[in-house]
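2 protein chains.
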Amino acid sequence: MRLLLAEDEASLSKAVVTILRKNNYTVDAAYDGVEALEYLETNEYDGVILDVMMPRMDGISVLQKIRSAGNHVPVILLTAKAEVDDKVRGLDSGANDYLTKPFASRELLARIRAMTRNSAAAGQADSKLHFGNITLDCATFTLSSPYNSFVLANKEFQMIEFLMRNPRQIISAEQFMDRIWGFDADVESNVVWTYISYLRRKLTALKADVEIRARRNAGYCLEKM
Amino acid sequence: MRLLLAEDEASLSKAVVTILRKNNYTVDAAYDGVEALEYLETNEYDGVILDVMMPRMDGISVLQKIRSAGNHVPVILLTAKAEVDDKVRGLDSGANDYLTKPFASRELLARIRAMTRNSAAAGQADSKLHFGNITLDCATFTLSSPYNSFVLANKEFQMIEFLMRNPRQIISAEQFMDRIWGFDADVESNVVWTYISYLRRKLTALKADVEIRARRNAGYCLEKM
DNA sequence: TGCGAAACTTAAGTGAAACTTAAATATGAT
DNA sequence: ATCATATTTAAGTTTCACTTAAGTTTCGCA
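Protein chains in written order, with my numbering: chain P, 1 to 225; chain V, 1 to 225.
Keep in mind that the hints were calculated from the coordinates and are not lab data. A portion of the hints provided could be inaccurate.
[Said to hold, decoys possible] Under the rule of at most 20 Å between Cα atoms (straight-line distance), these lysine to any residue pairs were calculated in the SDA-like manner:
| # | chain 1 | residue 1 | chain 2 | residue 2 |
| --- | --- | --- | --- | --- |
| 1 | V | K22 | P | W193 |
| 2 | P | K65 | V | R89 |
| 3 | V | K22 | V | R106 |
| 4 | P | K202 | P | H130 |
| 5 | V | K22 | P | S172 |
| 6 | V | K22 | P | N217 |
| 7 | P | K224 | V | N148 |
| 8 | V | K155 | P | I170 |
| 9 | V | K14 | V | D32 |
| 10 | V | K22 | P | A173 |
| 11 | V | K155 | P | A214 |
| 12 | V | K101 | P | E38 |
Quantities reported herein were computed from a predicted structural model and do not represent experimental measurements.
Could you put together the complete structure from these sequences and hints?
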């Protein structure tokens, strides 16, 4: 799951990013409205947490802008004070939820789960993905088959999740990079090969009837054997 | 996905075309504004990458011209300097995005994906080509008939794609070379024969009711038997 | 009908892309 | 601070798509 956090207060932003990463979200952080907009235009997120009060462009304007561009990504607005007017204006502009500072991290996590639940439900079955004889439990990061099971590390999990949400589709190394590492991360595309290798080893150990096939000069593709 | 790249600097244009083709876009290249306009008037594209500074007609004028003609194709503008005025003028003229040189290829690709996302969701019919009893799935590189199917290698795929997008048209070996290998590649025209041979073998195995016919001293042509 | 040119087929060689592994580094928990 | 685990880098290895080359067939024309 990939989230964007737009929050100008650096210490709060860092704290929230840490909490979210611990909970296995992939998080990009923007520090003002214009930056947030740029991220939103170039990446696809599963959810956005948007501070209302920000330099250069306020959160509600960002929200209006992306909604008018036809982007329906779920958005939680953050604000310092619970002003009813702000709240109404925010929700009218297309926010899915609203949270006032200060907030408990547990509440934020719960609201994020609620916000992303719908898109998951709309897309497909909830927290468990199936393909062939393997199952990925997104709540526990467990990849299992009738023969065996593994608890996956964060990056491994996101790789197989991406593949299982798009079975039989070709996914390029660049798409993995953009989605999991963020398009501005400077890691070698080598790292994708490494994780593909790890995952294949696990699929073999699971006696999976599916495999990650390489399509030279194109990408990878999860297919039945 | 079919893109038009309008960029006058030959070396940059060539580099970008190569990158885009590698990412399985079909790309036409124009080297000035007037040429770009001609391409845009005679073909339908899924997206356009338009350099602002070009001979004969600048990018923004091209953009204004096609917009006033009612063409809503998504456009990314390219410019050397990040001048705010230029940016505003470009976006006001109807550009969907703006990218300043130099740029990372991964960022360009991400922006193209963002730009074409909507149209991809709208019309996915583009990703499958039909002729006679054979079908080419451009998403999975699969060539199939009611009897059988093959996953094609990159070059094979591009050859049959070119033929299936222009059925009954005569395509010369040179056209294949320019389009698939690039007009400056130094490979023997032998390779075209080789791939035609591979494809014919596959068409036979598919019991296809179409064939690649050779027109002596002219080229090849995909026709019903 | 026979000749030369063009088109075709096949198979082996090559290099770039993909893969694997292990070691180095970063992160995070105790 | 220390140790355990996750992630990234680096380097050596393998694989396979592409190219080449050489021999064969087909075609058009005299």
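A quick look at each hint next to the structure:
Taking the CA atoms of K22 of chain V and W193 of chain P, the gap is near 18 Å; set against the 20 Å cutoff, the hint holds. Pair hint K65 of chain P plus R89 of chain V holds up; C-alpha atoms about 18 Å apart against a cutoff of 20 Å. This hinted pair checks out: K22 of chain V and R106 of chain V have alpha carbons roughly 12 Å apart, not beyond 20 Å. Pair hint K202 of chain P plus H130 of chain P holds up; C-alpha atoms about 16 Å apart against a cutoff of 20 Å.
A hinted pair counts as satisfied when its Cα atoms are at most 20 Å apart, and K22 of chain V with S172 of chain P qualifies at roughly 11 Å. With a CA separation close to 7 Å, the supplied pair K22 of chain V and N217 of chain P stays within the 20 Å bound. For the hint pairing K224 of chain P with N148 of chain V, the CA-to-CA distance comes to about 17 Å; that is within 20 Å, so the pair holds. Note on K155 of chain V and I170 of chain P: the hinted pairing holds, with a Cα-Cα distance of about 17 Å set against a maximum of 20 Å.
The hinted pair formed by K14 of chain V and D32 of chain V meets the criterion: a straight-line CA distance of about 14 Å does not exceed 20 Å. Between K22 of chain V and A173 of chain P, the direct Cα distance comes to roughly 12 Å. Compliance with the 20 Å bound is thereby established for this hinted pair. Between the alpha carbons of K155 of chain V and A214 of chain P the distance comes to roughly 16 Å, so the proposed pair stays at or under 20 Å and holds. For a cut-off of 20 Å, the pair hint linking K101 of chain V to E38 of chain P stands: about 16 Å separates their Cα positions.
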